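Peer 1: Those sequence lines, one after another, are chains L and Z. For the first sequence, position 111 matches number 111 in my numbering, and the numbering has no gaps at all. For the second sequence, position 16 matches number 16 in my numbering, and the numbering has no gaps at all.
The set of hints was computed from the structure by calculation and includes no laboratory data. Check the hints yourself; a few may be wrong.
As the list claims (entries may be wrong) - Straight-line distance between alpha carbons at most 30 Å, and here's what the computed DSBU-like set of lysine-lysine pairs gives:
hint	chain 1	residue 1	chain 2	residue 2
1	Z	Lys103	Z	Lys137
2	L	Lys125	Z	Lys109
3	Z	Lys362	Z	Lys148
4	Z	Lys274	L	Lys13
What the hints assert, rightly or not - Computed Cβ-Cβ distance ranges for the label pairs, DEER-style:
hint	chain 1	residue 1	chain 2	residue 2	range
5	L	Ala53	Z	Lys176	23 to 31 Å
6	L	Glu150	Z	Glu314	25 to 33 Å
7	Z	Arg218	L	Asp10	30 to 38 Å
Every value quoted in this text rests on a predicted model; they were computed, and no experiment measured them. Each residue gets a CB set at the ideal place from its N, CA and C atoms; glycine is no exception.
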Amino acid sequence: MYQIDNLVKDLVKQHGRAREALMPILQGVVAQHNYLTDEAMVEVAKELDLSAAEVYGTASFYTFLDTEPRGKYVIRVCKTITCAMKGKNEIIEVLQEMLRINVGETTLNDKFTILETNCIGWCHKAPAILINDTPYTDLTREKLVKIIKEYMHQ
Amino acid sequence: METKKLNKVDLIFEHVDPRVILTKAFKMSNDDIINEVIESGLKGRGGAGFPTGMKWKFAAGEKSKEKYIVCNADEGEPGTFKDREILDRVAYKVYSGMAIAGKAIGAKKGVVYLRAEYKFLIPQLMMELDGFHTLIKDIGYNFQIEYKLGSGAYICGEESALFESIEGYRGEPRNKPPYPTQNGLFGKPTVINNVETLVNIVIIVNYGSAKYKSHGTRFSTGAKVFSVSGDTPNPGIYELELGMSVLEFVNEFGDGDTKAVQVGGASGLCVPRKLFASTIIGFEGVPTGGSVKLFNSTRSMYNVLHNYLDFFNEESCGNCTPCRVGCQQLLLGVEAVKKGDMKSSYLNELAKLADTMKVASKCGLGQSVGNAFNSILENFREEIIY
Numbered sequence: 001m002y003q004i005d006n007l008v009k010d011l012v013k014q015h016g017r018a019r020e021a022l023m024p025i026l027q028g029v030v031a032q033h034n035y036l037t038d039e040a041m042v043e044v045a046k047e048l049d050l051s052a053a054e055v056y057g058t059a060s061f062y063t064f065l066d067t068e069p070r071g072k073y074v075i076r077v078c079k080t081i082t083c084a085m086k087g088k089n090e091i092i093e094v095l096q097e098m099l100r101i102n103v104g105e106t107t108l109n110d111k112f113t114i115l116e117t118n119c120i121g122w123c124h125k126a127p128a129i130l131i132n133d134t135p136y137t138d139l140t141r142e143k144l145v146k147i148i149k150e151y152m153h154q
Numbered sequence: 001m002e003t004k005k006l007n008k009v010d011l012i013f014e015h016v017d018p019r020v021i022l023t024k025a026f027k028m029s030n031d032d033i034i035n036e037v038i039e040s041g042l043k044g045r046g047g048a049g050f051p052t053g054m055k056w057k058f059a060a061g062e063k064s065k066e067k068y069i070v071c072n073a074d075e076g077e078p079g080t081f082k083d084r085e086i087l088d089r090v091a092y093k094v095y096s097g098m099a100i101a102g103k104a105i106g107a108k109k110g111v112v113y114l115r116a117e118y119k120f121l122i123p124q125l126m127m128e129l130d131g132f133h134t135l136i137k138d139i140g141y142n143f144q145i146e147y148k149l150g151s152g153a154y155i156c157g158e159e160s161a162l163f164e165s166i167e168g169y170r171g172e173p174r175n176k177p178p179y180p181t182q183n184g185l186f187g188k189p190t191v192i193n194n195v196e197t198l199v200n201i202v203i204i205v206n207y208g209s210a211k212y213k214s215h216g217t218r219f220s221t222g223a224k225v226f227s228v229s230g231d232t233p234n235p236g237i238y239e240l241e242l243g244m245s246v247l248e249f250v251n252e253f254g255d256g257d258t259k260a261v262q263v264g265g266a267s268g269l270c271v272p273r274k275l276f277a278s279t280i281i282g283f284e285g286v287p288t289g290g291s292v293k294l295f296n297s298t299r300s301m302y303n304v305l306h307n308y309l310d311f312f313n314e315e316s317c318g319n320c321t322p323c324r325v326g327c328q329q330l331l332l333g334v335e336a337v338k339k340g341d342m343k344s345s346y347l348n349e350l351a352k353l354a355d356t357m358k359v360a361s362k363c364g365l366g367q368s369v370g371n372a373f374n375s376i377l378e379n380f381r382e383e384i385i386y
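Whole structure, please, built from the sequences with the hints as guidance.
Peer 2: This is the structure:
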């Protein structure tokens, strides 16, 4: 296990203290820790000599820089038109049944979060989802069940 | 019915030797490169369609020790996925286009801004970039490219919002002027081009502007990569000459029951069946960054419009009032009319609001919400009401 402040310090070492380092640092925290805790944002603010409000203001602008608790695997279901036409609702149903949570919620073991997201650029292979950074496309009920089961066993 | 076949070409994905292209370009004078790009008639492939050569000429004319080439890979327009495919298959051509742009305007640094949704491509892209840096050094030229990642904000595809994001701020568009060619990334003269535009540069250097212009029409030269999706048996990526009619497109890609085609994504225009034959896909008709979505008669155009408005309502950066409040009111407005809470004549008020957003919004997002809204409303009013 790591400490958040150590993680932030490592990221600062890697990206520097200039303002343009802010995004890569926040992205680095999310990649390791799934979301930005208040503690992490305050730590980043201290390291970069910014106000915490400035850090939060920047982070909260970006959908992928979550400031709410998220699971280890964040499942983003594309809800834009082609995916909506090609079965997005069924994808959501399957996920909710399997994980027993609603969209926007995180499982009790902090393993999965279900979110909806705007176009992820796989319209020709709809419906599509992202699990963290990995896209899964041309989904069917069977295919999705298999994918989620694999993640459950990880 | 016309049965003319579409002119498919293979220029974007064809393999070329980057060493040959770069050596050829670096032997040309900066003016010659810029004139060749102007002569080709190439217009930006991201959707806005600004003449690329002119952009370069403006940036080349700026006196500054530091200048930047930025590749806009924040492809977020609903229905567009061609830039991902281009980066996946021919990233070296994108890097080559950036180096040629750098030579032409006097920039030594390039930045690729890649949307977070495509982060999975990074390991492969970085490996190719290493190879490219070695090649450039070997040729005896100095040009360094780095990657910056987005974090899920459609608005960051807007050039000045993209600069803000690279600089570490909220992705809110800047006021224009000054334009990026004078005052862009970190306040320096900057050329920002779409992924596909940069690959077109390689094609122009390789074949010359005359051959390049032999494709397409007078005002829409060259070919374009189309992202085809929706109700079609053949969704995917196709490189086609510009200047075809929507009818020709539908004959090739439709499922026999196409009632509407959305050209240019959520910020583009909806073309109904009665206008298929008379509408040209290109800068003389409906321009597009590549997104073409087909809808058949089973689809409710209310659902399509609602989906787009929900998209804009979430993706509006909230900085300027016409867009922030406009997107929200258009969404609430069509919902209220659908439910019967408002009379159908309220749609006329909403159409006026969409027109106001076109002139009063700060950037392309708010300015183009009215495209989809008014074109769907004009042609499918009964579907919005009942």
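Peer 1: For every hint, state whether the structure bears it out.
Peer 2: Tested hints:
The suggested pairing of Lys103(Z) with Lys137(Z) holds, with an alpha-carbon distance near 14 Å, which does not exceed 30 Å. Taking the CA atoms of Lys125(L) and Lys109(Z), the gap is about 35 Å. The hint is violated against a cut of 30 Å. Only pairs whose Cα atoms come within 30 Å are accepted, and Lys362(Z) paired with Lys148(Z) is accepted, the gap being roughly 25 Å. Pair hint Lys274(Z) plus Lys13(L) does not hold up; C-alpha atoms about 61 Å apart against a cutoff of 30 Å.
Distance hint check: the CB atoms of Ala53(L) and Lys176(Z) are about 28 Å apart, consistent with the given range 23 to 31 Å. The hint said 25 to 33 Å for the Cβ distance between Glu150(L) and Glu314(Z), and at roughly 31 Å that hint holds. For Arg218(Z) and Asp10(L), the hinted distance range of 30 to 38 Å is not satisfied, since their beta carbons lie about 56 Å from each other.
Violation of the numbered hints given earlier is confined to hints 2, 4 and 7; the remaining hints are satisfied by the structure.
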